[in-house]
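**Student:** Sequential numbering from 1 applies to the sequence shown in my numbering.
If you are wondering where the hints come from, they were derived from the structure by calculation, not from laboratory data.
Some hints here could point you the wrong way.
[As the list claims (entries may be wrong)] Computed list of lysine-lysine pairs in DSBU-like fashion (alpha-carbon distance at most 30 Å, straight line):
1. LYS59 <-> LYS80
2. LYS80 <-> LYS50
3. LYS59 <-> LYS78
4. LYS50 <-> LYS78
[To be verified] Okay, the calculated beta carbon distance ranges per label pair:
5. ASP164 <-> GLY45: 38 to 44 Å
6. ILE166 <-> PRO106: 33 to 39 Å
7. GLY107 <-> ASP164: 47 to 53 Å
8. PRO69 <-> THR168: 37 to 43 Å
9. THR19 <-> HIS91: 17 to 23 Å
10. ASP48 <-> GLY17: 18 to 24 Å
11. PRO106 <-> ARG60: 23 to 29 Å
12. GLY117 <-> THR176: 42 to 48 Å
13. THR19 <-> ARG60: 21 to 27 Å
14. LEU43 <-> ASP13: 21 to 27 Å
15. ASP13 <-> ILE115: 22 to 28 Å
16. ASP94 <-> HIS6: 17 to 23 Å
Just so you know, these numbers come straight off a predicted model, no measurement behind them.
Beta carbons: idealized from backbone N, C-alpha and C, even for Gly.
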Amino acid sequence: MFTRPHTDSTLWDWRDGQTRAERLAADLLQVEGFRDVDPQCPLGGPDDRKDILCCRDAKRWLAAVYFPPTRQDFGAVKAKFESDLEGVTRHQRDGFVFFTNQRLSPGERTDLAVIAGTHAVEIYHQERIRTVLDSPRGYGLRLEYLRIPMSEEEQHALWSAMKDDITTRLTRQEATLLDLSR
Numbered sequence: 001m002f003t004r005p006h007t008d009s010t011l012w013d014w015r016d017g018q019t020r021a022e023r024l025a026a027d028l029l030q031v032e033g034f035r036d037v038d039p040q041c042p043l044g045g046p047d048d049r050k051d052i053l054c055c056r057d058a059k060r061w062l063a064a065v066y067f068p069p070t071r072q073d074f075g076a077v078k079a080k081f082e083s084d085l086e087g088v089t090r091h092q093r094d095g096f097v098f099f100t101n102q103r104l105s106p107g108e109r110t111d112l113a114v115i116a117g118t119h120a121v122e123i124y125h126q127e128r129i130r131t132v133l134d135s136p137r138g139y140g141l142r143l144e145y146l147r148i149p150m151s152e153e154e155q156h157a158l159w160s161a162m163k164d165d166i167t168t169r170l171t172r173q174e175a176t177l178l179d180l181s182r
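Using the sequences plus the hints, can you model the full thing?
**Tutor:** Right, dumping it as structure tokens:
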């Protein structure tokens with residue numbers, strides 16, 4: 001009998017390296033409504049503490065990705081967060097998005113947000129990333145990066161979400177065409 005891998009354990013036991021982690025993060029940013037997503041050096045090389053640059057809500061954001069292949073204690077995650085946070089000031093950004101495949105408690109996430117000070121901060125920890133990947137808007141990324149196929153129920157949910165999105169877009173387009181024809 002085939003047992004389907006779980007998104008959370010696949011993320012936590014990440015074995016696909018930094019390049020794929022940065023590409024996953026860039027694609028997650030797009031799914032989450034960021035625009036002008038610009039990965040800096042996902043194939044390696046110096047990126048000067050800026051894995052990804054992007055924009056959202058009239059703010060310029062810097063994103064950093066920390067996907068170690070083994071489980072880390074909070075001290076290691078915090079050290080990486082602090083190191084990458086320096087890029088926000090260095091590159092004159094308004095906000096910081098931090099991606100990690102590690103599990104972070106609400107208290108640990110609050111501690112990281114406090115370290116960010118006046119900078120806007122978004123923390124995509126293992127469970128938050130799992131939530132996006134296990135939703136209709138993330139199924140494609142989950143399949144591409146984690147190789148976890150959709151169940152029959154998820155296929156129905158995807159088609160339902162797409163149907164609603166297509167209906168909304170067609171309604172808007174029809175209204176625009178009617179306005180233009182007048």
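**Student:** Now look at each hint and say whether the structure bears it out.
**Tutor:** Cross-check of the supplied hints:
no. : hint                          : verdict
1   : LYS59 <-> LYS80               : 23 Å, holds
2   : LYS80 <-> LYS50               : 13 Å, holds
3   : LYS59 <-> LYS78               : 24 Å, holds
4   : LYS50 <-> LYS78               : 17 Å, holds
5   : ASP164 <-> GLY45: 38 to 44 Å  : 42 Å, holds
6   : ILE166 <-> PRO106: 33 to 39 Å : 37 Å, holds
7   : GLY107 <-> ASP164: 47 to 53 Å : 37 Å, violated
8   : PRO69 <-> THR168: 37 to 43 Å  : 41 Å, holds
9   : THR19 <-> HIS91: 17 to 23 Å   : 21 Å, holds
10  : ASP48 <-> GLY17: 18 to 24 Å   : 20 Å, holds
11  : PRO106 <-> ARG60: 23 to 29 Å  : 27 Å, holds
12  : GLY117 <-> THR176: 42 to 48 Å : 44 Å, holds
13  : THR19 <-> ARG60: 21 to 27 Å   : 24 Å, holds
14  : LEU43 <-> ASP13: 21 to 27 Å   : 23 Å, holds
15  : ASP13 <-> ILE115: 22 to 28 Å  : 27 Å, holds
16  : ASP94 <-> HIS6: 17 to 23 Å    : 35 Å, violated
In this structure, the hints that do not hold are numbers 7, 16, in rising order.
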